[in-house]
Structure formats: structure tokens, C-alpha cells
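Asker: Residue numbers (my numbering), protein chains in the order written: chain X, 1 to 356; chain Z, 357 to 537; chain A, 538 to 787.
Simulated from the structure, these hints should not be mistaken for laboratory data. A few of these clues could be false.
[Unchecked claim] For the chain X half of the interface with chain A, some residues (derived, Cβ under 7 Å), not all of them:
(1) N42
(2) H64
(3) E87
(4) G198
(5) C199
(6) I207
(7) A211
(8) Q223
(9) K227
(10) K315
(11) A343
[Unchecked claim] In the DSBU-like style, the derived pairs of lysine-lysine whose C-alpha atoms are separated by at most 30 Å in a straight line are:
(12) X/K3 with Z/K509
(13) X/K200 with A/K719
(14) Z/K442 with X/K273
(15) X/K22 with A/K737
(16) X/K3 with Z/K501
(17) A/K782 with X/K204
(18) X/K204 with A/K779
(19) Z/K436 with X/K182
(20) X/K192 with A/K546
(21) X/K45 with X/K182
By construction, the Cβ of each residue, glycine as well, lies at the ideal position given by its N, Cα and C atoms.
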Amino acid sequence: MEKVLLKGNEAIAEAAIRSGCKLFFGYPITPSTEIVEYLSKNLPKAGGLVLQGEDEIASINMCHGAAATGARVMTASSSPGYSLKQEGLSNLAANELPVVIVNINRAGPGLGGLGPSQADYFQCTKGGGHGDYRLIVLAPSKAQEMYDYTMNAFDLADKYRTPVLILADGFLGQMMEPIELKERPAVELPAKDWATNGCKGRAKRKICSYALTNEVMEGYCLQWEKKFAGIQQAEQQWEEFYADDAEYLFVGYGTCGRIAKDAVLKARAMGLKVGLIRPITLWPFPEKAFAPIKNTVKGIVCVELNAGQMIEDVKLAIECKAPVVLCNRQGGMLPSENYILDAMLKNFNIAISEGV
Amino acid sequence: MMDKIVLAGFGGQGVMFIGKVLVYAGMLDDREVCWIPSYGPEMRGGTANCSVIVSEQEINSPVIELADAGIVLNQPSFDKFRSHIKPGGVLVVNTSIVEIGSIPDTVRVIAIPASDIANELGKPALANMVCLGALLPSLSLCTMKSIEKAMNKLVGKNKPEMYELNMAAIQKGLDVAAAMK
Amino acid sequence: MEKVFGRTKGLTDVPFHYCPGCTHGIIHRLIGEVLEELDIIEDTIGVAPVGCTGFSLDFFSCDFVGAAHGRGQAVATGIKRALPDKIVFTIQGDGDIAAIGTAHAIHVAARGEKITSIMVNNALFGMTGGQMAPTTLAGQVTTTSPYGRDCAVVGTPIDLPKTIATLNGAVYVAAVSVDTPKNIMQAKKAIKKAFQVQQKGLGYALVSVLSTCPTNWGLSPVDSLKWLRENMMPVYQMGELKVAKEVEAL
Ligand code: SF4
Chain X
1 MEKVLLKGNE AIAEAAIRSG CKLFFGYPIT PSTEIVEYLS KNLPKAGGLV LQGEDEIASI
61 NMCHGAAATG ARVMTASSSP GYSLKQEGLS NLAANELPVV IVNINRAGPG LGGLGPSQAD
121 YFQCTKGGGH GDYRLIVLAP SKAQEMYDYT MNAFDLADKY RTPVLILADG FLGQMMEPIE
181 LKERPAVELP AKDWATNGCK GRAKRKICSY ALTNEVMEGY CLQWEKKFAG IQQAEQQWEE
241 FYADDAEYLF VGYGTCGRIA KDAVLKARAM GLKVGLIRPI TLWPFPEKAF APIKNTVKGI
301 VCVELNAGQM IEDVKLAIEC KAPVVLCNRQ GGMLPSENYI LDAMLKNFNI AISEGV
Chain Z
357 MMDKIVLAGF GGQGVMFIGK VLVYAGMLDD REVCWIPSYG PEMRGGTANC SVIVSEQEIN
417 SPVIELADAG IVLNQPSFDK FRSHIKPGGV LVVNTSIVEI GSIPDTVRVI AIPASDIANE
477 LGKPALANMV CLGALLPSLS LCTMKSIEKA MNKLVGKNKP EMYELNMAAI QKGLDVAAAM
537 K
Chain A
538 MEKVFGRTKG LTDVPFHYCP GCTHGIIHRL IGEVLEELDI IEDTIGVAPV GCTGFSLDFF
598 SCDFVGAAHG RGQAVATGIK RALPDKIVFT IQGDGDIAAI GTAHAIHVAA RGEKITSIMV
658 NNALFGMTGG QMAPTTLAGQ VTTTSPYGRD CAVVGTPIDL PKTIATLNGA VYVAAVSVDT
718 PKNIMQAKKA IKKAFQVQQK GLGYALVSVL STCPTNWGLS PVDSLKWLRE NMMPVYQMGE
778 LKVAKEVEAL
């Protein structure tokens, strides 16, 4: 199949068009802007519409309305803008509306910097908005995955009637790599027999999530809890790289995941049994990936572009049965493969035998 | 085999374009490629840089600690990137406007008055292509043939005259650098 | 026997759970009647953000979407853009559209979003127990202005429809009241026009309806009507504030 060169952000946008996304509501913010720019140029040609909202709050609520009609819809932003969307996300989750959201994470907190960062991990995976809900979070590590996971995100959103987040960083958004423009895989999805699109020939429908009676509200909560528990069981995704016989393990997602692969290759060349688990779904966190190794692994280096956030999930996943240390860069800086391999050798006193 | 190349200059000197040519050349040769901009509010006036990786294997880490090769089109870029080339690597310097200061002697410097040559060719904006030509023989995964293919893809269709001008500048850079050896 | 007054088909048979004497019910009936008369019940999607108007979801016979506080018009925009051939309206309180939702109120009008908004103005936050809103009158006592609204501190009440009327995309803006049978007739006319504007795709239409809140005003229903006439009507410009050329023909 012919490949085209696209920036990661453009790959997301192109995948959205080819996933049948007909509406995009957004507000430009670096380093996610290429998404709205690419769609402004190309979505109308595909019969869709881009509307720039007055702010991020408007944009996510426009998504709310469009999703309520059953349309495929997306919005994209970067950290400060993503913060503004939290109220809307909580409402989307509660009203069970399928929307795909993109957060091209930049360095924070506050206004922060434009460089690559993973400082929004907690916000993205643990909530962000108010109330007890979860977002399915997909973390691509290259442009092709930006494309593939976006297609997957639309299907997951429809399958579970829930918002799905693509979480990447400015580096992945801006980097250009060749991409195969694959067709959307055929997936059987439930009918949208809940959409509010005019009640011709049927009973009226309403989409609403609030209840002023506690008993009723608890009923809703139990329903949501059950749904998220189901997703947690069924949808964990991860990539393993030399992990099955690994004595020492890197865990990293996105940009860190791909950098860690080179560290693994270097370690293997030295004769060390080092591997990598790269979470693809950050929620649900791929606990299942750790089950086979949690009793045997001697040490884990968690590679992150923040002050240490996913490391908590890693410790939980291995039930603290092995030491887990953090190797990180922040503020828009990236670690090299040497930097993270060094962290592993030093932290776990791994001796390199001569001659390998 | 893998070429990691850094490209830097003033915004507007066509640094990103060199990167695009290289990365298309790699892609059309079925190599693994990756184009990394240093992005920011420095679109014009300041320094702009991007990096390109062309590889026979899958590209994992896109982080370049030390590059195999580089092109610097202006002084701030030289000052910044002279220490970013690996021992045995190559740095093409546009000596029309760059004064070559201290640089590790493990780096092979190709000094070429690219802006002057571009002026002679009648288009000052071609300094970037002159430098690309000078660098070409030092790259392990990129040939004149693949550059031709890439240039055709990038400007051939819409601006055939730009194709000719760019290719002439690349050839000139290649010739001048060869004569200097 | 001929039935002269029946419930409109625009409303469901769910009984209103508004407070006794609250004029919300009248406003609902008027909207319901308009939906029926224009024969658009099955083509309409309503949006109600939280507040006393938030109960609307159950009362109207058309599809309905609930929205977060202040976000009704952004949600309505999303619906209308996805389904340009349907009729989309919001029903929102003053404490919603003129406070937390102001940005959206301005921008739907600026964009000429082809939706209809009904603003129910009772000069405070009703559902949450009578707190001050930007529309609360000077000196008016609410639970968050217990000594009366002090305009030196919080400014004077905002007359939102007047602001909206200045924007090009808003082609019909009216402020009406439901305190007398005559005014009710006029209110209905305005609401009907606001929906016809949308049917014809002419632009954005807003109707503000002055409404009572006997519960939080601490007045009887009859005294509330009097209070509304004496205190609100002089502050808020009444009548058709804007009728764009293309709307005059309606
Ligand atoms: S609180 Fe006020 S506005 Fe709300 S239903 Fe009661 S009287 Fe009407």
C-alpha cells in the first residue's frame, strides 16, 4: 500500500475523516493545531464540517450536542485547553455519549511550555472532570499509531457509548512519518437507538443524566460502575518488546515507549535480559501484561515525561513485588536511550560482563 | 545503517525544506524515515531546525544525541550544533555568512560559500539546496537518484522551473564540494 | 361537548412539578402550542440546561437533551450542525444564559446559529433556592444579597436581549411577559415568530420571557405578578427589540 508522509496530528485528522467523523468542534492551541487546520481544509471536502468554537468549553459541548444526534464527532486540544474541557467530558461520560477527544500534551502545569510532556497522565486516566467516571485512553507512539488508534477510538466510543481520549505529546504530533492510509476495519457496532434526532414514528427520547432522587442516582452510578468494570476487563491493550524472559523491565508509553525500545536493544546487545511493556491503553491500565512477570521480574524502570505518575499504576499492577524506579525528563525535554539504560544499570547495580 | 541528520538556519532559509527532501527521498527508497521539527514560535527570523532520520531498520528513538551529519546555514546554528555531531561525522557550513569557530577536530567540516553560490545561480534562497548537494556524498542512505525522485514529488508537478533550479543548485553544491577535496 | 381548552400535543401528560403560581408552566404551554401549530413536534430537539427549566425534558413531547449549567446553546449548536434540517431550541433561565452561559449566548448570536432560545427571566437563581443572578434588580434581596443587591459592588442588572440585539446574526429578539392574558397572547406571538425564523433559516432568535418565582421572591402568586410589573418591566426593555428586515415579512 502506498505510504504518505504526515505529521502525527495530520494522521489523527485523516483517520478521523476516514472513520466517518462528520463534525469537528475545536479551538486552536499549540501543539495540536495541525489537527483543526488539516480538518478545516479536508473535512468539508468529505462532506463534513469544522466549527471553531468560542472556547474549549463551547467546543466540547458542541460535541455533546452532535453526539446526541448519533453523529461521529471529534475535538482536539492541548493541556490548558484540555483542562477547560473537563466539565464537558464528565457530562459526556454521564450521558453516555460517544465522542473522540485528542489531547496533545504539552509541558505544564499552568500555561507551561510547548515541548513534549506526559504531565497530564493523572488528569487523563484518573478523571479530570468531576464525578466517578473513566475515559478510555489510547497512547500512540508513532504516526501510524496516531492513525490506527484514532480509528479504533471511534469504534470503542460507539461500542461502549463513552468518550475516548487519544493522548500523545507535541513531539508525536509534530513528527512526520510515513503512513499507510488503511481503510477502516469492518466492526460490528450497536445501533444508535438512543439518538435524539426527532421523534418521527417513535416515542420521544431524552438524553439526560441527572436525578434529584438519591435512590435513582445510585441506580445510575451502579450502571456506570458496571460499564467501566466491563471495559476494564475487555479492553486492556499493550505492546511487549522482549518482555517474556526479561529480568529487568522498562515501562513507558508514547514517545518514552519507543525510546525505551532502543534501550532494550542496547541492553540485549550487552547480553542483558531486558524488556519493555508499552501500555497502549492507559485506562484501562494493562494490568494483565504484568500478571505473568510480577513474580519473576527483578526490577522495573518506569520512563515518564513528568514527575512520576504512571509509576503508581505500575506498582499496583505488580503488587509492589519488585522495586520500581522512575526515570524521567520534564518541561519538554526527552531522555535518550542511553540515559534510561543508565538509569536501569545504576539503580539495579547491573554489572555488564566484559566482552559482550 | 542509519543517517541521523540535523539541519539548522534562519527561519525562511529553507531548512525545513531540506528535511522534507531528505525524508521523501528515504521514503521513496522504501527506507524507514522520520522528520522531526523543532517547533515553536520561531517560524521566521530566529533559528529553525529540524532533524531527519533515514534508516534501514525500524526507527525507535527519534531522539538524536549526536548526529551523523548536519547542515548549518547561519552563525547561531553553527554555534549551537557544532557540538552535536558525532566523531567521524560531517558538518556542512555555509561560510558565506558563518565564521567557523572552534569545532571538535573529530568532525569533518565541509566549508562552502553556499549563499554566494546561490547568488551566482540567481536565487539567494537556493543556499539550502547547495548545502544539501555538498552533504550528499557523505550520506550512507541517500543518492542523487533518490533526491531527484523526491524533488519531483515535492515540486515537480506544480513548479517544474523550481525543480530545475533546485536540482541545479544541488548539483553545483556537489561539484564545488568535490573540487575542494 | 366541544373542548375549548385542552392540553397541547406539544406537551406530554407528565404533570408540571413547578411551584404553585410559577409562570414557568404558562411559558411551557405556549411553546408546546407553537410546536403543535407549526407541526414541528417530531422534528424538534429541545435543550435544557440545569435550573428550573431543566425539568422541561419530561414535559415536552419532542426529543430533549439535558445540558450542563450554561452550556445549552453550545449543545444546541452541535445538534443543529449535525441535523441542519431539524428545529432546535433551548429553554434556559436568566441565571444560566446571562451568567455562566454568557459566552455561548453572545457567540450563537454572532454566528447567526439557526436555533431558537427562550430565556425565562425571574431575576434570580430559582431552583437552587433564590440566589442573586446578574439579572437581579437593584436592592433585591436574595440569599446571596441578603441586604439587597448593592450595585456599587456587583454592578447593575444586565439586560441580555439588548446586547444580543446588537449582533448581526441575531435576527429576531423580543422581551415579553406572561403576567396578563393580553401579554400571554403577545408572548406566544413572539415565541411563534422565533420558531418561524428558524424554520425559514433566517438566523438566531431569542425571546426573553419575564416570569415569576413566588417561592423565592417570598410573595403570593398574585403579588408576584404585581411585583414583576412594577419592578422588572421598568428595568428590562420590553417588546420586539430587533426585527431584521428578512423577519419583517413573517
Ligand atoms: S423555584 Fe421559582 S422558578 Fe422554580 S419552579 Fe419554583 S417558583 Fe418557579
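Asker: So, for every hint listed, does it hold in this structure?
Answerer: Okay, the hints, checked on the actual structure:
1. Here the hint on X/N42 is broken, as its CB sits about 17 Å from the closest CB of chain A, past 7 Å.
2. A hinted interface residue such as X/H64 counts as satisfied when its beta carbon comes closer than 7 Å to some beta carbon of chain A; here the least separation is about 5 Å, so the hint holds.
3. For X/E87, the suggested interface contact is upheld, since its CB lies about 6 Å from the closest CB of chain A, less than 7 Å.
4. At a threshold of 7 Å, the smallest CB-CB gap from X/G198 to chain A is about 5 Å, leaving the interface hint in force.
5. Interface hint at X/C199: satisfied, since its Cβ lies 5 Å from the closest Cβ of chain A, which is below the 7 Å cut-off.
6. About 5 Å separates the beta-carbon of X/I207 from the nearest beta-carbon of chain A, less than 7 Å, and the hint is met.
7. Checking X/A211 against chain A by beta carbon gives a least distance of about 11 Å; that is not within 7 Å, so the hint is violated.
8. The closest approach between the C-beta of X/Q223 and any C-beta of chain A is roughly 16 Å, which is over the 7 Å cut-off, so the hint fails.
9. Interface restraint check: X/K227 against chain A, minimum CB-CB distance 19 Å, threshold 7 Å, status violated.
10. The closest approach between the C-beta of X/K315 and any C-beta of chain A is roughly 35 Å, which is over the 7 Å cut-off, so the hint fails.
11. Among the interface hints, the one on X/A343 is violated; its C-beta lies about 44 Å from the nearest C-beta in chain A, farther than the 7 Å criterion.
12. For the suggested pair X/K3 and Z/K509, the alpha carbons sit about 13 Å apart, so the restraint of at most 30 Å is met.
13. For the given pair, X/K200 sits about 34 Å from A/K719 by alpha-carbon distance, which is inconsistent with the 30 Å threshold.
14. A C-alpha spacing of about 28 Å is found between Z/K442 and X/K273, which places the hinted pair at or below 30 Å, so the restraint holds.
15. For the given pair, X/K22 sits about 24 Å from A/K737 by alpha-carbon distance, which is consistent with the 30 Å threshold.
16. A C-alpha spacing of about 19 Å is found between X/K3 and Z/K501, which places the hinted pair at or below 30 Å, so the restraint holds.
17. This hinted pair does not check out: A/K782 and X/K204 have alpha carbons roughly 36 Å apart, beyond 30 Å.
18. A hinted pair counts as satisfied when its Cα atoms are at most 30 Å apart, and X/K204 with A/K779 does not qualify at roughly 34 Å.
19. With a C-alpha separation of about 40 Å, the suggested pairing of Z/K436 with X/K182 is violated against the 30 Å cut-off.
20. Taken as a hint, the X/K192 and A/K546 pair is honoured in the structure, with Cα atoms around 26 Å apart against an allowance of 30 Å.
21. A distance of roughly 19 Å separates the Cα atoms of X/K45 and X/K182; the hinted pair therefore holds under the 30 Å criterion.
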